[in-house]
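For the protein sequence lines, the chains are S and R, in the order given.
Residue 450 is where the first sequence ends in this note's numbering, and the numbering goes up by one at each step.
Residue 450 is where the second sequence ends in this note's numbering, and the numbering goes up by one at each step.
Hints may be right or wrong, so weigh each one.
What the hints assert, rightly or not - Straight-line alpha carbon distances no greater than 30 Å define the calculated DSSO-like cross-link-like pairs of lysine-lysine that follow:
#1 Lys194(S) x Lys229(S)
#2 Lys191(S) x Lys402(R)
#3 Lys431(R) x Lys280(S)
#4 Lys384(S) x Lys194(R)
#5 Lys191(R) x Lys425(S)
#6 Lys402(R) x Lys194(S)
#7 Lys194(S) x Lys191(R)
#8 Lys425(R) x Lys191(S)
#9 Lys194(R) x Lys402(S)
#10 Lys194(R) x Lys433(S)
#11 Lys194(S) x Lys425(R)
#12 Lys425(R) x Lys402(S)
#13 Lys194(S) x Lys280(R)
#14 Lys431(R) x Lys384(S)
#15 Lys191(S) x Lys191(R)
#16 Lys390(R) x Lys425(S)
#17 Lys216(R) x Lys191(R)
#18 Lys191(S) x Lys194(R)
#19 Lys280(R) x Lys402(S)
The hints are simulated quantities; they were obtained by calculation from the structure and are not laboratory data.
Number of protein chains: 2
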Amino acid sequence: MRKGQTGAKVSPACPGQDPVNPGQLLETRTGFKPPSQTRSFKNKVPREKEPEPGREQPVPVRLNPDSRMCSTPSVRHQLDRVAVMGGTHGNELSGVYLVKHWLQDPSELQRATFTTTPFLANPKATKRCVRYVSQDLNRSFTRALLTSKGTEDSLYEVRQAKKINQLFGPRGSADAFDFIFDLHNTTSNMAACLLSDSEENVFTMHMCHYIQKNTQGPCPIYLYGCPGPENPFLLSVGKNGLGMELGPQPHGVLRADVLSHMRALVACGLDFIDLFNQGASFPAFDIVAYRVIETVDFPRSPGGELLGSVHPQLQDKDFCPLKPGDPIFQLFSGKEIFYEGDATIYPAFINEAAYYEKGAAFHKMKKCTFSIPPLQAPSASAP
Amino acid sequence: MRKGQTGAKVSPACPGQDPVNPGQLLETRTGFKPPSQTRSFKNKVPREKEPEPGREQPVPVRLNPDSRMCSTPSVRHQLDRVAVMGGTHGNELSGVYLVKHWLQDPSELQRATFTTTPFLANPKATKRCVRYVSQDLNRSFTRALLTSKGTEDSLYEVRQAKKINQLFGPRGSADAFDFIFDLHNTTSNMAACLLSDSEENVFTMHMCHYIQKNTQGPCPIYLYGCPGPENPFLLSVGKNGLGMELGPQPHGVLRADVLSHMRALVACGLDFIDLFNQGASFPAFDIVAYRVIETVDFPRSPGGELLGSVHPQLQDKDFCPLKPGDPIFQLFSGKEIFYEGDATIYPAFINEAAYYEKGAAFHKMKKCTFSIPPLQAPSASAP
Chain S
68 MRKGQTGAKV SPACPGQDPV NPGQLLETRT GFKPPSQTRS FKNKVPREKE PEPGREQPVP
128 VRLNPDSRMC STPSVRHQLD RVAVMGGTHG NELSGVYLVK HWLQDPSELQ RATFTTTPFL
188 ANPKATKRCV RYVSQDLNRS FTRALLTSKG TEDSLYEVRQ AKKINQLFGP RGSADAFDFI
248 FDLHNTTSNM AACLLSDSEE NVFTMHMCHY IQKNTQGPCP IYLYGCPGPE NPFLLSVGKN
308 GLGMELGPQP HGVLRADVLS HMRALVACGL DFIDLFNQGA SFPAFDIVAY RVIETVDFPR
368 SPGGELLGSV HPQLQDKDFC PLKPGDPIFQ LFSGKEIFYE GDATIYPAFI NEAAYYEKGA
428 AFHKMKKCTF SIPPLQAPSA SAP
Chain R
68 MRKGQTGAKV SPACPGQDPV NPGQLLETRT GFKPPSQTRS FKNKVPREKE PEPGREQPVP
128 VRLNPDSRMC STPSVRHQLD RVAVMGGTHG NELSGVYLVK HWLQDPSELQ RATFTTTPFL
188 ANPKATKRCV RYVSQDLNRS FTRALLTSKG TEDSLYEVRQ AKKINQLFGP RGSADAFDFI
248 FDLHNTTSNM AACLLSDSEE NVFTMHMCHY IQKNTQGPCP IYLYGCPGPE NPFLLSVGKN
308 GLGMELGPQP HGVLRADVLS HMRALVACGL DFIDLFNQGA SFPAFDIVAY RVIETVDFPR
368 SPGGELLGSV HPQLQDKDFC PLKPGDPIFQ LFSGKEIFYE GDATIYPAFI NEAAYYEKGA
428 AFHKMKKCTF SIPPLQAPSA SAP
């Protein structure tokens, strides 16, 4: 559904995304409330994060209050259209089955002030229960691929990326969806990791803060950077977005606890948008987030064969401090490999199954504390 | 290497299985010690298993002391040739990387009294890091498939099954290898599960008992039954064998702790064979094992779509008692499904990734205690 076509209250039989044919869109909306009809959210106002006892405290980085997110304007208007993507990787089953369920029964996605569209991003990979069919869909949103001449012979995921860009973008345009959630799982012990492009994305940082304060369990924030027009990620199609990486969960497995957790996170993110749309403003706060520095590959033979595995002392320690001299790999020969950097890092995506082929045993992350400026109440929807 | 061709002391450069071409065999043997040169194993003699406090105690099943395993003769002779299979499923990485390592450096497989041959069972699936290429190799050892006319057009795993049967069998023949270990991982929380065909397989039950007493952590025994000539499993190629299912480990992931554990189990199994060959006899004992009854599928729509997941109260509870009335599934709608059987069972393979396609959310198991007769010291190798 394009911008301008207002969403209607939805039932599974409404003109929307057919569960049998997920290429069709389905929106959920219970009706728009003007900003004057705000709900009270006093109890949900973000508080300052308490320092973790005994853990190194990072140096705060203070932002210019006027700073904007990299590729999209700062959010000053109400959000009108939101999408929730599952199955961007077909074997990450929490998002796959949540979206399939919401396509049948979207009631829990409905909020007063905006429409939400669940969408199964890679149906063919989902059907085969594989990450992708031809190439990683979540690396297929580069300008080069999106503007390539698409034919029936194009790689499946390139065609799918163009289709998603057409339905939810086009990227960078006024027609793009206001916000996209992209739901993922990881085999790494990353809890309920929230992925944002940059700490300069004030709206999403406020959403992360709100989710941290209003859901159970840790929600570390992973800042993946902002590669601009060559940003290959699905999230880049919308005006704004948030990724979720819940783990550990084996690919091809659906755990009830992980599914429930993801469901609660999405609900909380939608609640935040609803509060914002209803006229809420959110005060400034400091927040810890982890910025990716680089990836570290496994030890390999000249032919590329693994020579060992992630060290048992590093396994499952995502977002914990790794100091110079700590062990990182254990070779099959028994030898240990130690971290030789000159500063403490905080690894993430440790031993993620899908990253063996990408040459990444873990991501080196820098722990930062950012001072996030207030989020002002919005004006009405953009014209 | 066929029976009659004696194994020689092995180095990676010896005539054996080329790591680059794992279709070729490699044996490890340090030289044969006659039974008179037995090592003391008094400290390793199996002891009676202590009852677990607070857990239901199953009724002992007493065997005829003359009972034999189903498809192979009882072991009365020394074992001469042993194989260790990894990568029967190409994305179960503990066995894959142990075998790849042993193909480079087989020293830790060497024992005094027999040869050991590491073998990568499904190289093409291993290379792609998938369970199988065309069909499940570990369901491809039926008589019908093994005797089918093989051509280049045959399914890859059928050709591979024939090849394995030729190299390590033929099944049921005097030429077959004396013992095969088949190394697997599971996404289920099954610890170091040992798989035997039947409690009547006295030799393997003694090996399981020996492994339970001489390695760390629980090693529940899973009895998979004895389908006879239609036995589709790789293990059926040898005169005898033991499967190992270590988990939880996501498929496509290599965890150092799981790899070390599997390595210790294989070493212990080889030690047991070595002790037996050196003239040890082992006394009778009682042992708990779990016999598969049937499989239980996920709740599904008429079209086959999942309607829910394994209940969080059942998840990770492999080999724990499940009583009538206990919850087993949680539907996406929120509804719970309860176990309706009339007796307590002990589920296994709960939420195994590879079994979604096989229609199995878990296996119903019966907990039994068996009285295993003594294992007599062997005579010399079979003529």
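Right, here's what the structure says about each hint:
1. Of the pairs offered as hints, the one joining Lys194(S) and Lys229(S) holds, with about 20 Å between alpha carbons and a cut-off of 30 Å not exceeded.
2. Proposed proximity of Lys191(S) and Lys402(R) is supported: the alpha carbons are some 29 Å apart, at most 30 Å.
3. Pair hint Lys431(R) plus Lys280(S) does not hold up; C-alpha atoms about 42 Å apart against a cutoff of 30 Å.
4. With a C-alpha separation of about 28 Å, the suggested pairing of Lys384(S) with Lys194(R) holds against the 30 Å cut-off.
5. A distance of roughly 20 Å separates the Cα atoms of Lys191(R) and Lys425(S); the hinted pair therefore holds under the 30 Å criterion.
6. For a cut-off of 30 Å, the pair hint linking Lys402(R) to Lys194(S) stands: about 25 Å separates their Cα positions.
7. Annotation: proposed proximity of Lys194(S) to Lys191(R) holds, straight-line Cα distance about 23 Å (limit 30 Å).
8. Of the pairs offered as hints, the one joining Lys425(R) and Lys191(S) holds, with about 20 Å between alpha carbons and a cut-off of 30 Å not exceeded.
9. Between Lys194(R) and Lys402(S) the alpha-carbon distance is near 25 Å, which keeps this suggested pair within the 30 Å criterion.
10. This hinted pair does not check out: Lys194(R) and Lys433(S) have alpha carbons roughly 34 Å apart, beyond 30 Å.
11. For the hint pairing Lys194(S) with Lys425(R), the CA-to-CA distance comes to about 15 Å; that is within 30 Å, so the pair holds.
12. Between the alpha carbons of Lys425(R) and Lys402(S) the distance comes to roughly 40 Å, so the proposed pair goes past 30 Å and is violated.
13. The straight-line distance between the Cα atoms of Lys194(S) and Lys280(R) is roughly 44 Å, outside the 30 Å bound, and the hint therefore fails.
14. Pair hint Lys431(R) plus Lys384(S) does not hold up; C-alpha atoms about 35 Å apart against a cutoff of 30 Å.
15. As the CA atoms of Lys191(S) and Lys191(R) are separated by approximately 23 Å, the hinted pair is consistent with the 30 Å bound.
16. A C-alpha spacing of about 45 Å is found between Lys390(R) and Lys425(S), which places the hinted pair above 30 Å, so the restraint is violated.
17. Taking the CA atoms of Lys216(R) and Lys191(R), the gap is near 21 Å; set against the 30 Å cutoff, the hint holds.
18. Simply put, Lys191(S) and Lys194(R) have alpha-carbon atoms about 23 Å apart, close enough for the 30 Å limit, and the pair holds.
19. For the hint linking Lys280(R) to Lys402(S), the alpha-carbon distance of about 28 Å falls within 30 Å, and the restraint holds.
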